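Model the full assembly from the supplied sequences, consistent with the hints where possible.
Sequence order for the protein chains is L and C.
Under the numbering used here, the residues of the first sequence are numbered 3 to 278, in order.
Under the numbering used here, the residues of the second sequence are numbered 949 to 1262, in order.
These aren't lab readings, by the way, just hints derived from the structure by calculation.
Treat each hint with caution, since some may be false.
As the list claims (entries may be wrong) - Restraint ranges, calculated between C-beta atoms of paired labels, are given here:
id	chain 1	residue 1	chain 2	residue 2	range
1	L	Y37	C	D959	29 to 35 angstroms
2	C	L1239	L	P166	40 to 46 angstroms
3	L	P222	C	P1200	38 to 44 angstroms
As the list claims (entries may be wrong) - Footprint (simulated), chain C over chain L, 3 or more residues, beta carbon under 8 angstroms:
id	stretch
4	19-26
5	84-90
6	209-223
7	240-251
Bear in mind the structure is a predicted one, so any value in this text is a computation, not a measurement.
Cβ atoms here follow ideal geometry from the backbone N, Cα and C, with glycine treated the same way.
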Amino acid sequence: MNRTLRRRYLRDRVMVGLVGLGTAAVLVPLFFILYYVLVQGIGALDLAFFTRPPAPPGETGGGMLPAIAGSLVVDTLALLMAAVFGVAAGVLLAEYPDHPLNPPLRLVVDVMAGLPAILMGLVAFALVVRPMGHFSGLSGSVALALLMIPIVTRATEGVLKLVPWELTEAGLALGLPRWRVIVNLVLPAARGGILTGLMLSLARGAGEAAPLLFTAFGNPYLTANPLEPMDTLPLKLYVYAISPYPDWHRQAWGAALLLAAAIMAASYLARRAFRR
Amino acid sequence: MPDWIYRRLGDRLFAALVVFLALGVVAAALLVALVLYQGSALAFRTFGFFGFLTSQAWDAVRGQFGAWPPLAGTLITASAALLLAFFPALAAAIYVVEYAPRWLKEPVAYLIDLLAALPSVVYGLWGLFVLVPPVRDGLERPLFTWAAVHAPALVPLLGPPTGIGLLSATLVLALMIVPYASSLARDALALVPQSQREAMFALGATRWEVVRRVVIPYARAGIFSGVVLALARALGETMAVTMLIGNAVNLPYTVFGPAATMASLIANEFTEADTDLHLSALIAVGFVLLLLSLLTNLVAGWMLRRLARGEGRR
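See the structure below:
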């Protein structure tokens, strides 16, 4: 074997090692994160965590009931808004390809998908909080919906384009008007993909705290009224994590575990819905 | 129901509804720009647009606001995180597509995607309680002590080794953006036709030479768009950075010491802003962040088109 060849083999061998090292550099921290969230979080998830309001600062005990309920309300409202606007925009892009609104719509969706989440919070603050005069769960939902719409639109457009054109033709040949074809044939055929998009957008929105800091704001009392300030899990996690109280730190880990588990479940469901 | 209502009117109404809702999406995006612009008008009138952008003072008590410190913080953390994240992200993508045994491909890819799904606050929590202590005691303190004895000139550059600051925030940020760069790179690498690899192997190339000379050049547009996505993420990342960077808006920043980014500054001060000017200055920082994100997207789109064209020519 001459020297050049030996050097080439050596380099090949070294690069295998470097690629492996780089991959490990990504995976090892991930395992550390999952390990700590699981181990530290599981101890905090007792009955009180799910059923009690938070204890006053510095006292031990209490739970996250208002934050859990708030998360459910804020995220549901955001998902509803994102579904209505996002799916409609996706239908326009995929089913009315020549519509003059499409080029600006596509541009807007691409741009919005790349914007930092905290900007959506600023916008919801100016559009909802300022006119209302106070923080509210609803303003938080608006901020999250702005974040989620591009995800839903892209998913809807993509999956509607996968529906075979023959299906539309068959419907039209049977004498169905265009809208019945879309509502009763195309959308049901694309149901799985649209659900995937909705789940992914929910997984993204449910973990965000940044746009909620000055919209939903937080509220230690249980409320189901979205016109009042509301706590959500990511918000509470943030507040507890930067607090000086060990018991709040413990509960922050619990919130992290609950949040991570919920989001992983949503992503998993999204994957399964798409396979079907 | 007469037929024309069902057909003509139904079609019209449905199309009108869809267009109306889609218009809502377009209007929402325009509102984002408009609201941020209007909100920042007071700050820009007071300090001037470029004055605001270049002023180094951020002092709420004296009513002096300049965007340069948080802008610098954003640029430093985002670019440092990108530098740190790029090679591991590319390595992970190459590993999954080129090296991993078949049974390992899917799980590794899934785990990396999982990294993207974890919320920012969870990274912040983990960074605060798990990463900061060893970074402080194992990296910052020894380096600081060493510098104090052997290279006193470095000390003001390093800053206080408290663990909370630029270094910790950048480390966590790098970890957070890896999956964005990695998963797009992975998709691009997977699209390289097998025949390209086989042709290179037939010429006697080693596996690394195949990767380096054929696979990576072929997939460079996809790799590049992953990098841009990661950069866009890093520019706007808020919660984890806010929890770890220490939120001090005083220049000069040091390697270990506290700093601030545009997003962390907004998150940290917005609910505490008690003057109109302070609030407006924070929204103006948001406006600058918007411009920076748009610029990133624009440049990326332009370069991507160029790269894609270059591919067609070869």
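Hints, one by one, checked against the model:
| no. | hint | in the structure |
| --- | --- | --- |
| 1 | L:Y37 with C:D959: 29 to 35 angstroms | 57 angstroms, violated |
| 2 | C:L1239 with L:P166: 40 to 46 angstroms | 43 angstroms, holds |
| 3 | L:P222 with C:P1200: 38 to 44 angstroms | 40 angstroms, holds |
| 4 | 19-26 | holds (count 6) |
| 5 | 84-90 | holds (count 4) |
| 6 | 209-223 | holds (count 7) |
| 7 | 240-251 | holds (count 4) |
In the structure shown, a violation is registered for the earlier hint numbered 1 alone.
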